[in-house]
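Chains A and B are the protein sequences, given in the same order. Letter by letter, the first sequence follows residues 1 to 328 in my numbering. Letter by letter, the second sequence follows residues 329 to 591 in my numbering.
These are calculated hints, taken from the structure and not from any lab test. Glycine included, each C-beta is placed from N, C-alpha and C at the ideal position. There's no promise every hint is true.
Stated by the list, open to error - Here are a few chain A residues that sit away from chain B, every Cβ distance over 10 angstroms (derived from the structure): (1) 46; (2) 55; (3) 71; (4) 93; (5) 108; (6) 135; (7) 142; (8) 184; (9) 208; (10) 217; (11) 231; (12) 308.
Said to hold, decoys possible - Covered stretches of chain A, as calculated for chain B (at least 3 residues, CB under 8 angstroms): (13) 14-21; (14) 290-301.
Listed below, chain by chain, are the residues.
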Amino acid sequence: MRIAASLAQMAMLLMFVVLTVFTLVHMAPGDPANLYLGLGATNEQVAAFHHQMGMDRPLPEQFFTLLRQLLTGDLGTSLAYRMPVIDIISQKLPATLMLMAAGYLFALTVGIGAGIIGAWRQDTPVETVVRVASGLVYAQPEFIVGIVVLVMATTYLPWLPIVGMGASDEKGWAAVGTVVLHLIGPALALGIARAGIYARMTLTAMLTALNQDYVVAHRAAGFSERRIVLVYALRNALLPIITTIGIEIRFLFAGAVITEVIFSWPGIGRLIFDGILNRDAPLIIGVFFIVAVLTMLINVATDIVYALLDPRVSKGTRASTAGPAATS
Amino acid sequence: MLLTPGALLPLIIIVMAAAGLLLPESVFSPDYSAIHEVPSLAHLLGTDGLGRDVLMRVLKGAPTSLLVGGAVAFFSAVLGIAGGAAAGYLGGWVDALVGRLTDYFLTIPPFFFVLVAVAILGASTLTSSIIIGIALAASTARQVRAQFLTLRQREFVASARLIGMSTPAIIFFEILPNAIQPAIVQSALNAASGVLIHAGLGFLGLSDPNVAEWGAMISENFARGLSGWWSILAPGVAVTLFVVGLTSLGDQLNRYFDVARRY
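With the rest of the complex left out, here is chain B (with noise of 0.2 angstroms):
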């Protein structure tokens, strides 16, 4: 699993997270006498407006899209799995409303919801990330129900039935662990979805401004005008990075849990 080139993304991922975390403050520091530089040897990518680091700043927004990523990955998965199963294993009236649930947001799309959501309950880092979760978890919600569906029928379950076990320890530990895997692959691609959501939600002004975050980095420099390109274009490929490397990241856990390809 760690020999294919696709899992140098994920771990470039967490290196730039790193440093983004355990930096000394001063090098994100402005420095007003050197606004708008091109890329040179002081300051690889350049500087933006303020004469702050792009490199610094992009590896600043790090660990906030790394956060994002995994309370997307969360949210929808916890979720995505209480629906599915709750809806696979009971049936009937609780199945058909979850099945309405996601229906939802097969009809609205996630973005628009997001964005409203987002713009009346409060643009915190946290607060965006559980709103894109609910948003991504339908279709993690869909997987689970399927396994469910066609696991139920099986004799382990019936035996467990028969044994007297209750109806969560059966879902908990007889079905959940056998119906997990879809479930855990689709969480890291919503992690890459909630990543671009959120830059884009950034873009248009709707992130924590408290925060680094790559999408305001792009677009606050972009209304500076053209001549800054390098400083448009980092954030650009750090975003762009992240997505790859999460969905690369959950082709690696498919193939992984795809016993059947690996031996």
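Just chain A, with the same shape it has in the complex (with noise of 0.2 angstroms):
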């Protein structure tokens, strides 16, 4: 029953998503058969233009069309492209989620580890080195990390290659090490921030447990230092780490336009971008469309895990599944 709510209402979202984009993009001035037929076209093929668009519809009805070929999993077609706005997608969106993963990770890992190494040496010069560096990266936006990795890459690392994918032609081995070539500087700029944010966040949660009574107690009880720090401390840092990734996801995908945009990586962020300045309403619906579905699946997948990681939370005390933030 509650699933069944979940998934009334992550439908009713997704409809108010498209919705909200249609109506921006129908509220764009001017003509978009101007701009793929030229000024000289004639009346007659202005109107064919709209007609073979569906542009000669009234607005409700070219909506619900728009909804009954989202149902079919037709993205429709792109003006600018000229093929199926799903295709343009599905060839473009490995790469943002590669560069995402990637970003996310070293993040993670970081941002993680230099809070473990913080509240480890606790009251140290070494605290104070993470408080620090932390405090200088979370704040700084990908344009200016973005634009500085790209310096510092191609002044002392020239070997490095940074911008684009790498070609096409490589194959097995090869075109894997190349596009991991790549991705270094993007995922560098896209990471560097959050690693900034979980660095802080975890050294605070780790230096509040490492305060509780349970920790006082298994000090008390002769567990190594190391044991305590990595595995008691630890699992409570963690949860609320976690709760933010499903927030995260959208932040990311952010990220991913300007540093797409910068490092000229192949992927839907520079997607929309060059959609939003072709006025290509069928591909900008689509971006919309699939970048809300990434998210919800990824904030169900983040509820489940923490129900598995939290018992107080499995016991259905939580709300709703359509956003994890929405009740806490």
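Take the two lone chains, each set in its own frame, and fit them into one complex as the hints suggest.
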């Protein structure tokens, strides 16, 4: 019953997402026909273009046609690329997901690692270094980190390929290696600020955990400091970080737009930016739709993982699965 | 509150914005005999590709960013408080509606929405501030709603109802003064995010071309190549300074409101 209600809520939300983007792109001034046919187009040509794209129908009818299409998995045809939007997105999405995963992995490992080390060496210069470094990077926007990474890499690591994703004519492991090398720069740019946030969160949570009675009890019972820090304190410190993953995913998508523009990474961030420049309504709507679906799926996954890790949650106390933060 | 080092940053922001507004127009004008100069005594942060003093350009961008921060804080607070108060006090379908609206911005990355909306509706500083404010209002609304949910159960609200106060009067004069503190803190944080998002828009070429804007400055100097690193670094540092400053303002407000910690 709860699952059915959540599904209905997610479907409603998706429809609402489509409705707002649909409204926005139809508020845009000017006629895409002028952009795509040129100013020399005759009235007949413009009318034929409108008819072909279904733009001569009343807006509500266009909207419901769109919804019907989306239900069957058809995202329409891109005006600029002249091919199905779903094909373009499935071509570009893996690059973005790869970038987001690499950036996030970097942020999690470096951030949590730095946080643990800082808490372990509490009240020493190490803790101060972690604090200062995380404070310096956490507010850095992607376009600044991205440019710094780009400048540093081209100056000091000229052998490192930094722009684009590499040639597509390679096969097998060589191709994988090329992509991984190209991924380093953009992933750093996307991950550094997040790493700062996670370092802060881990440090604070670990320090709180390390001062709890149960840690004192474990110390008294003679557990090793390594075991206390890495097992007992860390497990409690990680919970709040997991809840943020569902929220973070939106920022990663946003960061991907700018990172992809800087590094010419061929993903959906660049795609939506080009879609905006090209007034490509079906493409914009399609990217929004896919991003919304992905965010929802990741939110549900986060909720499940959280319930598995925290026995207090699994008793059905959380009301909504649409967004983990909706109830917190 | 004023003695902590964190309080210095909001002060720096105000000084920078004041300098940007009050300095004479002549210091901002291009000097074509001094294009792309390295930092020197005459130009402390060097000059850009049009021979404009980078330091002065950065100062000129400060009022824009402060305006964006203020406007985003204002619009997100008004929308968030109105939505959160209505949802928390009235419950029922109003709560459901506001809940879905806030879910929306938990599903769509705010930056995606802002990008498309600004590209279509216009990139003037005010328009983009309103759009960013709408996108960031969700978090304020959720906090205000949570406050209202607990406060409406309290005795003072019941007695206000008993003496015949109207619903709007109860919302505005009884509950809101007790519920507004987290909203104010959140608004300062929204201002910080707003400055960051607006700079990102500027970097992508979606800011008002007639206004000095840091993100746009970074992208135009970046396009010129890496030899003029100072003209990229300076506006970058300014953005960071503003974001950290506004975030720290949020922290200060939080600490100030947290009465238990103050005494």
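Hint check results:
No beta-carbon of chain B is positioned within 10 angstroms of the beta-carbon of residue 46/A; the least distance is around 21 angstroms. Its beta-carbon lying about 16 angstroms from the closest one in chain B, residue 55/A satisfies the requirement of being farther than 10 angstroms from that chain. Every C-beta of chain B lies more than 10 angstroms from that of residue 71/A, the closest at about 18 angstroms, which supports listing it as non-interface. No beta-carbon of chain B is positioned within 10 angstroms of the beta-carbon of residue 93/A; the least distance is around 14 angstroms.
Residue 108/A, annotated as away from the interface, keeps every beta carbon of chain B farther than 10 angstroms; the closest lies near 19 angstroms. Here residue 135/A does not stay apart from chain B, with its beta-carbon only about 8 angstroms from theirs, under the 10 angstroms limit. Its beta-carbon lying about 8 angstroms from the closest one in chain B, residue 142/A breaks the requirement of being farther than 10 angstroms from that chain. Look at residue 184/A: its CB is around 19 angstroms from the nearest CB on chain B, clear of 10 angstroms, so calling it non-interface holds up.
Interface exclusion of residue 208/A from chain B stands, the closest Cβ pair being 15 angstroms apart, more than 10 angstroms. Every Cβ of chain B is farther than 10 angstroms from the Cβ of residue 217/A; the closest lies at roughly 28 angstroms, confirming the non-interface assignment. At the 10 angstroms boundary, the C-beta of residue 231/A stays outside the reach of chain B, the nearest C-beta of that chain being 32 angstroms off. At roughly 22 angstroms, the least C-beta separation between residue 308/A and chain B is larger than 10 angstroms, which holds for a residue marked as non-interface.
Three residues within the 8 angstroms Cβ limit are the bar, and the stretch 14-21 of chain A against chain B gives 4, so the coverage statement holds. A count of 5 residues in the stretch 290-301 of chain A with a Cβ less than 8 angstroms from any Cβ of chain B is obtained; the coverage claim is therefore met, three being the minimum.
Of the numbered hints given earlier, the model fails hints 6 and 7; all others are met.
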